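A.B. asks: Spelled out, the chains give:
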Amino acid sequence: MSIFERFTEGWKKYRKPGYYREFDYHWAMTIDLDKCTGCEACVTACKAENNLPIVGEEEFAKGREVQWIRIERYWEGEYPNVKLGFIPMLCQHCDAAPCETVCPVSATYHNQDGLNTQIYNRCIGTRSCAVYCPFEVRYFNFNDHHWDSPLDQQLNPDVTVREKGVMEKCTFCIQRIRQAKDDAKDDGRRRVRDGEVQPACVQSCPSNALVFGDRKDPDSQVAKSMKDPRAYRVLEELNTDPSVVYLKKVDAKG
Amino acid sequence: MPKIERREFLKLVGAGSVGVGAGFMLRETIKHPPEYLIPHVVAPEDFSTGIATWYNTVCSMCSAGCGISVRTREGRAKKIEGNPNHPVSQGKLCGLGQSGLQVLYNPDRLTGPLQRMSARGGETFEQITWNEGLSRVADRLDLLRAAGRGNRICLLSQGVGGHLAQLFELFMAELGSERLLHYDYDHPHTLYAANRQFFGEEHLPYYDLKNTRYLLSFGADYLGNWISPVHHSLGFGHSRQGRPDIRGRFVQIEPRMSMSGAAADEWIAAKPGTEGVLALGLAHHLITQGYYQGADLDAWRQALRDYTTTQVAEQTGVATTTITRLANTFARSQSSLAIGGGIAANHSNGVDTLVAVNALNYLVGNLGKEGGLLFNPEPAGSVSHPRQASFRTMLKLAKDAREGNIEVLILNGTNPAFTMPAAAGFTEALSEIPLIVSLSSFMDETTALADIILPSHTYLESWGDDFPEPGVGFPTGAVSQPVVSPLYNTRATGDIILTLAQHSGLSDAIPWNSMEDCLKDGWREIYERADEETRTESFEVFWRSMLKAGVWGEKSQRDQTFTLAEGVIDNIGVAPPEFSGSPDDYPFVLHPYISNSFHDGRGANLPWMQELPDTMTSVVYGSWVELNPVTAEGLGLKEGDLVDIESPHGRVRAPVYVYPAIMPDVVAMPIGQGHSTYGRYAKDRGVNPIEILSAQMEPHTGSLASSATRVKIVATGKRVELIKTGGTSRDLGREIVQRFDPTAQSKTGGAHSTQLNSIPITTVTT
Amino acid sequence: MQAETNDLQYADVNNDIVRSIVETGPRYYVALGIAGGVALLCFFFPWFYQLYFGIGAAGLNHPGVWGTYLASFIFWIGLSHSGTLLSCVLHLTNSSWRKAMYRSAEAMTLFSLMVAATFVMVHVGRPWFIHWALPYANQMEMWPNFRSPLLFDVMAIATYLTGSSIFIYMGSIPDFAAVRDRTTGWRNTMYTLLSLGWRGTDREWHRLHWAYTFLAVLIIPLAVSVHSIVSWDFAMSLVPALHQTIFAPYFVVGAIYSGTAGIVTVMFVLRRYMNFEQYITKVHFDNLGKLLLLLSLIWTYINMVELFTAWYSDTSTEHEALSYKLFGYYAWLYWEMIAFCAVAPLLCISGRFRTSMVPMLILSIAINIGMYTERFLIVGTSLSRQYLPDSWGVYVPSLVEMSIILGSFALFTTLFLIFVKIFPSVSIYEVKETMDTPTVTSNAEPIAPPEGSPA
Ligand SMILES: Nc1nc2c(c(=O)[nH]1)N[C@H]1C(S)=C(S)[C@@H](COP(=O)(O)OP(=O)(O)OC[C@H]3O[C@@H](n4cnc5c(=O)[nH]c(N)nc54)[C@H](O)[C@@H]3O)O[C@H]1N2
Ligand SMILES: Nc1nc2c(c(=O)[nH]1)N[C@H]1C(S)=C(S)[C@@H](COP(=O)(O)OP(=O)(O)OC[C@H]3O[C@@H](n4cnc5c(=O)[nH]c(N)nc54)[C@H](O)[C@@H]3O)O[C@H]1N2
Ligand code: SF4
Ligand code: SF4
Ligand code: SF4
Ligand code: SF4
Ligand code: SF4
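Chains as they are written, first to last, in our numbering: chain A, 1 to 254; chain B, 1001 to 1766; chain C, 2001 to 2455.
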């Protein structure tokens, strides 16, 4: 192919509106706030699966904890008519992710699965993505982390341990997606089946508040769940187009 | 060839490089960029993930008995997940259960047998061999047994079930001792007692949360730590959004909002200890409104005559309209369910309260019905309850120790020095015992008093089995198997007992060489109890398939008909709760609650749990005391102000957390922190509110009335910064947690889509 | 000014200035030693400590992921502005009073830019990979992200640095030649190389003027764009109180403002300690004072616009950011900034104030403290109050950061001290241009009148 042809081809492809939405898969998650009990099993699961560091009391006090998924709490009303709403907050895998545009070295970008990926090797630690992310789900490694031996024996060999100076965040458990794709290939299937990929948080959630899947597949749990009348996105007005969709908590009295 | 001048040459070179550079740039710009970035996120074809081995076993982090699957790679445990086959956990797991890995790989584990080198209270131990340790203990046991003083041996274990519990029974019986006790701080004695009174059997029923439409919980933090939180959460999720067109509703009645209270549709604060009165108030309303039409209606009317709505409203502080509304909805939503426990049961009237809750279920016909309360068949194996020591039994043990009637105490896993109030004098009593042997894996507060430590394997390294006590409606059990080879010079608890038995020549009665053999023998009986058709060809096949599935179950249903025992109705009634300390000197009721992360303190040595923000407050690494905003303001206290929480029995110091959902005259503290030893992550962190509890008891069961201590709050003028993740927990109109009013919006746009929680139970047929 | 330099002779100018290069007294070495030592101790040592232990050595946290390093970066970029930019503007407007000060002002630009660039290195988590932000051809075929405002930054700063370097160098060529002619040994060799064979012919002068003016025209928009682009690092985010259209002019004005104040400080030092009383005069201070007054008014106006926009937006996020700025954790810093940058410069209304050296020095330093605060607040307050209230937090700089800020001034001073020994810090030939034509003396060649001119 001549340079010219390649150029025109590329031009056509990338000029097409929404070309960047042409994903192989489009992974998405729904979080049912009516089911979530705030138990934080998901938080622990993510720590275990993704080798999140134990930062220690001192660092935690400085605000340097690492939680790829965290529970936020919002109180409403005053005693005795008081309510508490829990909301699990993780990377929303925005299709129009502000964190991606700002990274000077493309260390965070959208991959062909519709994931907002984080490339630790490439990250130079400007932390601008964390500033640009309105959901504040990006966590920086302020120091090298240490596991008191033999706690390190637990570390998941499928997931790297991040060094000081790099940013990290929820990956939608990309290693599990990878595994499921491998399994599908081994079975001679073209695509991963619905429910075959369960990120650690989804896997553990005792109330089944989390649903994960490929929203390109209209029959998938997640695609159906996203059509629920209770579906909404957090900070929708910012138009980052998140792949994480929340289902409203039902407010029923009596 | 034309002659090229120097200048021309330079110009050409210049133009050439610019051209080449520009061309290169152009080539780059028309490539698909991600192809050249990041080999692992867009992994190359030949990149392949490693192969893991999964072992199914049982979680031992609390008594719920969830089935777990442990992922191992290269012989190391990497992750614990729920066993999808296990009916209790159905593939799910709580945070504490997942942290079992940090029990296994805890850097502060005891790595081999130790013997005390200093007086009790010091922590100097020297390493000994297993033979030395075991023979020292066995010699003493022999001596006592020979002298007919076997009863001076006490085995105090954490609650264990299955064949280890049976082994304990055998062993102690052979030694001639009746002093075999299981002790868990949170064992629901009152619930068993209430069930015995009401249903005539001392078992836990199955609460069918999954199918219920309306749940009234009287103080039971069923999603947090009550009995079987993972299983309850499964039911909660399904009840809420798992069924088309039906959404279960949940009401929580408790003086301090627990996480179950937060998840509920409605949280109602009744005065501490009056939950039972409220239940009877509802019952009274049900009777008077004609919701109950049974033959014994008159008896009920007579028994409940003092629980009119107005009287109950006055006693409980709950509005009359609320009482009638709750009662009406409870009766009309079929199936509904009332449960009670936790804080409501830890009062001087605990059993009566829970009987009242059972009465509610009885009156609207929730017994033996789907979505209500189902009766479990007899557990297929031993459970811990019959040997569970109440607080009173523990006091008795302390008394015996002080009087010199205990000569050897064998501790297994339990940590009463931490979970008994100082007022009980338990720790002091222990020091009267000449020989204390601990089989604990960690240097906890009680083990620190031991003379000989024979450390056990963790549950992930040993054989065992469990028959979950809350039951799931049919007989089930699971074998726990080692998932990794032992890390240290430790031994399985069962093997230690077996070796001691061999030393003492008890092999006739206790013939096994290892816990594995003991288990297999036990399970052979279960195998043989199946009929010929359903049985697998051999026990070995059965055993292997069970280890693989991680669980066994029997397809049998129990008869769910129910008739009320004689005299129940006449004895119904809830007396006002008794508190220690006068309200004038001690204006607040202390509400110590089991922490979601640490349980009764056992989880405090796990760094994941230390760093897990508390569900309700987001605080990590420490203790705090929760005060109502108005109370805090009245005392001039802000978050982080250090206060002394003082009861008639002592005081502890903790920072204030202003908690929006607690009654003004109640203060709450989480249990779990405040360890004086127990490893680097737990030691000297926070305080233990159990210390200052008074030795009040529930009279029927003798269990500790842990919610019956009054305290006062004394400001110290000092401050600390609470370590927490939460910034400002108000959403300021930003609509972060959005709420949906089903009555206001049309239900168009697709059916409920949430995942049905119906992972099939693999019943390994016998 | 004319009056004051009148009694100077051409030769004196040359001698004075060349003397400042070749004759080095002990005071200089002491100053250089102290500056260099402080730079080493307060800048490089803590930085190496941070390199070793990670950015955690700073007080940064979540959500305060940006802090004083970035504030310092903007501060130094800002300071760089009045040097070359001002010099260009004054050159084009033919302001003769510029001539004695512009060389050191341009040097300031250069060194502030260098310090700013160093702060980029200090700021990032893995400075050893900083070259990944540069678009160089590599076998991995990986390019930086051209959509990133941070990359625009890299480009803008690199261009500005290149432009300013060429500008200062070009303007110095005749002076290098002058120094070359009066020195021996290694200096002679060095200045021979630096002066690129300058002989002072008409043609050379003509070309120099042409090129110089051309560059001056080019650099003005460049300087304006640099700080606009720096502001986009913030304005292109979604963070409440950062996502603002006013940011580009706000940053440019702020930059020129702090840069002008910086010039006052440097002029004071040069005048007092390099014995340049005759070249840097009260006229300079008077004019700079007027400029400061004007800039402070514009700056204050823009600040008010910023507050107004936040208030007028009527959104929870902007209101929270606004009230947090005015009354929150860092409020005392905000009011300090207002006092130093909006109120204090009003003193410049008085002519007597403008021509009093020490008060002007104090004012200029106060303005720069205020402007540093401004940069800190832009980063600090906004990050503390973002969209999700449950993630709010506060950032407080650590000792390491404080030390590095302090050390950066020493680093700047060190660079400047080295500069004055290499470059003639006052432009020899341009000062001469403002003087009367000298009388011919015996040791100077007579200047032949051009042919054909009337005798
Ligand atoms: N990080 C890391 N780097 C290493 C090593 C390491 O352990 N770790 N090991 C080092 C060692 S020991 C070695 S030998 C080198 C190996 O380095 P390489 O030689 O680069 O090894 P491969 O990637 O195995 O193979 C190169 C290519 O050959 C292609 N190929 C396969 N079969 C054929 C064929 O029949 N014909 C042609 N034309 N191509 C074919 C493959 O698809 C692949 O693209 O790597 C070295 N580099
Ligand atoms: N699937 C697959 N198999 C392959 C290949 C492949 O591409 N794919 N490549 C083939 C090729 S080309 C090669 S060369 C072989 C390599 O095969 P191996 O030689 O087995 O290579 P490694 O696993 O890289 O290294 C062996 C061990 O050396 C240890 N080691 C590292 N440094 C030292 C040291 O200084 N001293 C000692 N004593 N030990 C050290 C490492 O920890 C590791 O355990 O694999 C071959 N096998
Ligand atoms: S949530 Fe934040 S980190 Fe995740 S894609 Fe969106 S902007 Fe990026
Ligand atoms: S911290 Fe890393 S990922 Fe984030 S913007 Fe900087 S280089 Fe990119
Ligand atoms: S999807 Fe995976 S990485 Fe993301 S929060 Fe859940 S467990 Fe963590
Ligand atoms: S595990 Fe599920 S229920 Fe628990 S906090 Fe996470 S999302 Fe909520
Ligand atoms: S509830 Fe949690 S701790 Fe208890 S058994 Fe189940 S998983 Fe283990």
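Treat the hints with care, as some may be off.
SDA-like, lysine to any residue: derived pairs with alpha carbons at most 20 Å apart [as the list claims (entries may be wrong)]:
no., chain 1, residue 1, chain 2, residue 2
1, B, 1683, A, 150
2, C, 2421, C, 2303
3, A, 216, A, 24
4, A, 227, B, 1247
5, A, 164, C, 2147
6, A, 164, C, 2049
7, A, 13, C, 2146
8, B, 1638, A, 59
9, A, 164, C, 2047
10, B, 1683, A, 164
11, A, 164, C, 2268
12, A, 16, C, 2147
13, A, 13, C, 2147
14, A, 227, B, 1244
15, B, 1271, A, 164
16, B, 1271, A, 78
17, B, 1683, A, 149
18, A, 227, B, 1739
19, A, 227, B, 1053
20, B, 1683, A, 144
21, B, 1271, A, 149
22, A, 181, B, 1247
Estimated spans, in silico, between C-beta atoms of each pair [stated by the list, open to error]:
no., chain 1, residue 1, chain 2, residue 2, range
23, C, 2026, B, 1642, 42 to 50 Å
24, A, 144, B, 1728, 30 to 38 Å
25, B, 1728, C, 2313, 46 to 54 Å
26, C, 2114, B, 1020, 38 to 46 Å
27, B, 1009, A, 22, 47 to 55 Å
28, A, 161, B, 1733, 39 to 47 Å
29, C, 2169, B, 1014, 16 to 24 Å
Hints listed in this document are in silico derivations from the structure and should not be mistaken for laboratory results.
This structure is a prediction, so every number in the text was calculated from the model and none was measured.
Here a beta-carbon is modelled for each residue, glycine too, at the ideal position from N, C-alpha and C.
A.B. asks: So which hints don't hold here, by number, going up?
C.D. replies: Of the numbered hints given earlier, those the structure breaks are 2, 5, 8, 10, 11, 15, 19, 20, 21, 22, 23, 25 and 26, listed in rising order.
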